[in-house]
Structures are given as C-alpha cells and as structure tokens.
Amino acid sequence: MSSSDTGGVASAPVPPPAPVPDAESDVESDVVVETRDVVKHFPMRANGLFSRSPGTVQAVDGVSVKVRAGRTLGVVGESGCGKSTLARLMMRLLEPTAGQVLLEGVDITHAQGAELRRTRKHMQMVFQDPYSSLNPRHSVGQIISTPLRFQEGHDKAADKARVQELMRLVGLNPEHYNRYPHEFSGGQRQRIGIARALALGPRVVVADEPVSALDVSIQAQILNLLETLQANLGLSYVFIAHDLSVVRHIADEVAVMYLGKVVEIGSPAAVYGSTAHPYTRALLSAVPVADPKVASERRRIVLTGDVPSPVNPPSGCRFRTRCPKAEARCAEEVPALIDRGHGHPVACHFPD
Amino acid sequence: MSAQPLLVVDDLRVSFATPDGVVKAVDGVSFTLERGRTLGIVGESGSGKSVTASTIMGLTNSATASIQGSIRLGGNEIRGASDEDVRRMRGRDMAMVFQDPMSALNPYYTVGRQIAEAYKVHHPTAKKAELREVALSMMQKVGIPNPIGRADEYPHQFSGGMRQRIVIAIALVNNPSLLIADEPTTALDVTVQAQILELMKSIQDEFGSAIILITHDLGVIAEVADDVAVMYAGRMVERASAVDLFETPAHPYTWGLMGAVRSLDGSGRGSLRTIPGSPPSLIAVPSGCPFHPRCQFADRVGERCSSERPSLHGVGGTSSLSACHLPSETVVELLRSGVSA
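In the order they appear, the protein sequences are chains A and B.
When you line the first sequence up against this note's numbering, it's residues 1 to 352, in that order.
When you line the second sequence up against this note's numbering, it's residues 1 to 341, in that order.
Next up, chain A with everything else stripped away, as it sits in the complex (with noise of 0.2 Å):
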C-alpha cells in the first residue's frame, strides 16, 4: 500500500455499503439515480430539396436502470449503441422524449431554470478528453471554481482555499493553482476534470470514458484516484466505458447496452462469469487478451458485418441480424429483460 500510486490521496480500504435488499416499494432508499424507461429520439432535419420524410435516431430506446448510493453502475457498448446518451439524459442535458429521470426520488425529467440547476449540485460530469473539456485560457483555479460561483449563497473569498483543498484532494499540487491546463500531463488534466467535478460535493459523478485518453499507465493513475475518492466521499459513479476490463474493473453492476437497449445487467461477476447473452459473449470474446497462451487457445466469435443503424433499427430483437442464434422469432417479439434463469436479467429469446 504506497500512497504514491494513489497520487497522494489517503486510501482508506473503506468497504462500500451493503446492498439494501430489493423491496418492491416505489423508491427504494439506496436508489440515488433512477432511469425509468427512458427514451431518447433524435428527429433528423430534412436538408435539401429531394430528401425523403426524415426519420428519427432511436439513441436511447426504453432504459431503466438504478444507481445505488457509494456504488458504481458501468455501462458498456460500441460506439452508437447510446450510452453517452444514456449519461446525458440522467444528467439532464438532454430532455427524455419518454420515460422518468429520477434523482433521490425526485422526479427531475422534465426540470427546467433554477430548479434543474440545483440538481447539478448532486450530479457532475468528468468527459473523456482532458484537453478539450478544459477552457486554455483559464487557470486550474478558475476552471475548479468555476461550479462554485453558480451556487446560492456563494462565497467568493473561500474559492481559493476551497480550490486548493480539491487540488490536494486528487493528487495536484495545490501550489499549481495559477497555471494553466497546457502546462499539465493528460493525467493530470484529468484530475483537474474530476476536481471540478467535485466541487460542489455531488452524490453522484458521471464519467463518461474518462479513462480512455490516456496511456495505460496513466488509466491505472485515475481508476485508483476514483475508487479512493468514491470509498472517502461516499460517490456513487455511473461509469460509462467501451473498455470492458475497466469496466470489470470499477463497476458493482454493469450493464451492456446495444442499440439503444440494455440487453444484459447484472454484478459483473454475473455478465462477464455467466454470460446469457450472445452479444455480450461475442463482445467478450473480442476483447484482446494480455496472454499470448491464451490467446492462441480460445475460441472466439467473430461478429459479422457491422452495427445497424439506429435510424432504422432491426425489427424485434436489435441483435438478430448479427445473432448466431436468430430465428424466426426473434424477428417478431422484441425480448424482455427479464431473469431467464441466470441470476440476473438479460434481453433474448434464446440465451447461452
């Protein structure tokens, strides 16, 4: 246990909460962000003379998941399957065209002016790349403080010790207060990101690939720097990522979204140890094994073709169309997600 590789921030091995067993009351206690199922439709312009009726991107097709307090909910998926959808909805920066937002109960779906911002208190955002999402012309101190002058009741002159306690609080040299993002690593702007991020001290940080920027070495940096905060700050995470290791890594629950569906959820030792549905099977098999042993031994799936477009998406089940195990039925009846038998929900009419 060094406490260099944690980037100076203590690391207490604080056990995460108990789950509160599953009651079928309305708002469970431990629930800190709900989606119900939530949709999101983009109407497509017409844009010229000859064009067609335009139809909608069907990015976010009826998703209900929950974020349990001082836990971390992983979505994964390909590009386009709508899990950076999914974390703007929760974070309202996008309306829900269906479906119910929920925040500690409340329902925020279609919050607006003051009261929408008073829900960002609970809720931040750290973004994928360190260098666009920080403004080159403000110093780390503006960029920190910046959350903090939109609040009520602000304080201007505690800004500066304030700023400097999160500084400490990731890893950064507090003393760096006045210098500007160019002057940082990618790590390193990272931590600035989640700085900000915890500025007006949320319950819940929504990282949207916030690790896949950066060199490995440098991941392993911020996923350590994350869990340390999350066990001292009792932060829940919804943790949205392309990479399933990290996902593996970091999650409670992980869901796998595919064209704009959750088609599997579970403890990761549930989707990746029981795996039930052929996407989530395939998309395993895919990822690339640091083992050259085991990487000549096993079998793996090769998907053909490519992911369809959600302008027009596969009549019943999304999956079918690249499905080693389509049938007629599948084309017909969209599958439910629903326990199957496995432990844990999954959407398909014939799972492994």
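Hints in this document: simulated from the structure, not taken from any laboratory.
A couple of the hints might just be wrong.
[To be verified] With a Cα cut of at most 30 Å, we get these calculated DSSO-like pairs of lysine-lysine:
id, chain 1, residue 1, chain 2, residue 2
1, A, Lys-293, B, Lys-127
2, A, Lys-325, B, Lys-127
3, B, Lys-120, B, Lys-141
4, B, Lys-201, A, Lys-293
5, B, Lys-201, B, Lys-120
6, B, Lys-141, B, Lys-128
7, A, Lys-121, A, Lys-66
8, B, Lys-141, B, Lys-201
9, A, Lys-325, B, Lys-141
10, B, Lys-127, B, Lys-141
11, A, Lys-293, A, Lys-325
12, A, Lys-121, A, Lys-156
If you're wondering where the values come from, they're calculated on a predicted model, not measured in any experiment.
Fit chain B to the known structure of chain A by using the hints.
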C-alpha cells in the same frame, strides 16, 4: 541472400530541432525482422514508436529531422537513398496502414479508384480493365462483401471497419514484403478490431509479408505478435518473443505496464499497480536509464541508473533482451516475489 533478415534496423537515431530544444524521438533503436514474422512495438505516447515506423517508410522529412543509423530492407539502404528510390520502394516493397482510416482515404475518389491508383503507380502500363480487376480482387481478399457494387462508392459510404479494410487493400495491392501498421485498430470498436486482427493474420498467411504492428495495447500484441519490442523515451528497453515477454517480463517498465492492465476475469480487482509519474519529455530525457525516476528498483542499484545508460543484454533461459542495470535474473526474481506490492 535468403539467410538475411528482410529488415535490419541498426542504431537508428531521429531527432528534431524545435524552438524549445532538440527532441530525441528515437535514440539508438536496433532490430531485425524476418519474412512472415510479426514484430509488435509497444509503448506509451511519445515513446518513439510511430517515428520509428515513419522513418523506416522514408516518411520522416530529412529537412527538419536529423536521421542517423541504418535501415536496410532486402539489402537496400533506405536512409540516405534518393527520394525517387524510396518512392519506388514505397508501396512495392513496403506499405503502411494508419490509425484513422477516414483521413487515410481521399474523400473525393471512389474506393475502387484509390486501390487501382496504388497499383498503377508501380504498373504504369496497366490497362483500365486490368486495374478494375485488381481493385475488385483486392476488395474480395480483404473481405468486403459485393465488391462489384461497392467499388464505385466513396469512403463516407463505408463503416469504420470497412474503411480500414480498404486501407489494407491499398497497402497490399502491390504485395509488399513489409507491412507497417500503426495503431490499425485503435479507432475501431472491439468487435470490429477482432475482425481486422483476424484479417491481418490471414493476410500474412496468404502474402507471407513481414508485419510491424505498432500499438499501445498489450492485448493486441499478445493476439498477433511473434516478437515484441517495448519502447520507452525513444529507446528499446526490452525485446523478447511474445510468449517470454508475457511470461517473464524482465524490464521493470514492462512489468509496470502489465500491472496497469486490467484483466477480464476479475482476478485483478482492487487497487491497480501503477507506475508513478508520467513519461518524460523527449527534450529533457533523464540521464542514464530514462526510466530511473519512475523505477522502483533504482535505489537498489544506486547512482549508476542516473549516470550510465544500460544496454540491452540477454536474460538467462529466455529469448529476452532487457536494458536494465540490475541483473535481469535479479529483476525477474524480485518481480516474481512481488517485492513492490
């Protein structure tokens, strides 16, 4: 001639003069590569892996860069050869696949025309019908369904994976003996990455090309490479067969890289092992061993790490070469006993 390796790179040094100082992008890299083999070059950003590749391809501008050392492909020296000679070799003897297939393709020309053009450069007398035939057969070989229908489409009409197949088709149309792929799957989704890696393997079987695969992803290396070179701050710090590298990483940096990789089976839960600090600037590379400020064993050796540059030397019982002052056997033993954890 046949006993000679296809590619011999000897003490390659590439540096760029910038207003802030001299950037030593590649600093004394040597390796050989035989026909039909795949060499994986792995390293973090700024380790010099891409500059090594583009210098072999003759794409490093000699007006702005200082290039020293020797690069021999099939016995011909590339460094110092005239632009015209290098141009004649490029495409025919060596070809490159880049990370981003969209910017590697010209959006204004159909993909069929772009494949045909690469062929025509080295077959100037080829007739239109022959060019078309070649383009279609290449599209077939790289697994593009319905080549006849799709040859007349433009790059934007293809998905990312299909575009990368087109780029590979262009690279292979003249059957080069050396293919350099610089992060060929980094911009792609995992399921598509798996398709492209399969394609590269089957192409090597068919064409017998030697491949240099540059990546930051140790998983990709384990899947396709026969041999691996680990680069750090412009230098090669370890060289080994893929099996030996993953079984007994001999250099502390290699070991650190592997510790930072999460496993899929969940065995690595809990705190990840990290390498403290970040990679050095290539303008001010640390003296001696460039890794010593981040190395957990540096204080065991003492001053030598910061004063003397370690050379690559053999690691007992393996194919590995490692550049570390600590005897490799000691490093391997220390790492095995988990001394750092």
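Check each numbered hint from earlier against the structure, then list the numbers of those it violates in ascending order. Checked against the structure, the hints that fail are numbers 1, 2, while the rest are satisfied.
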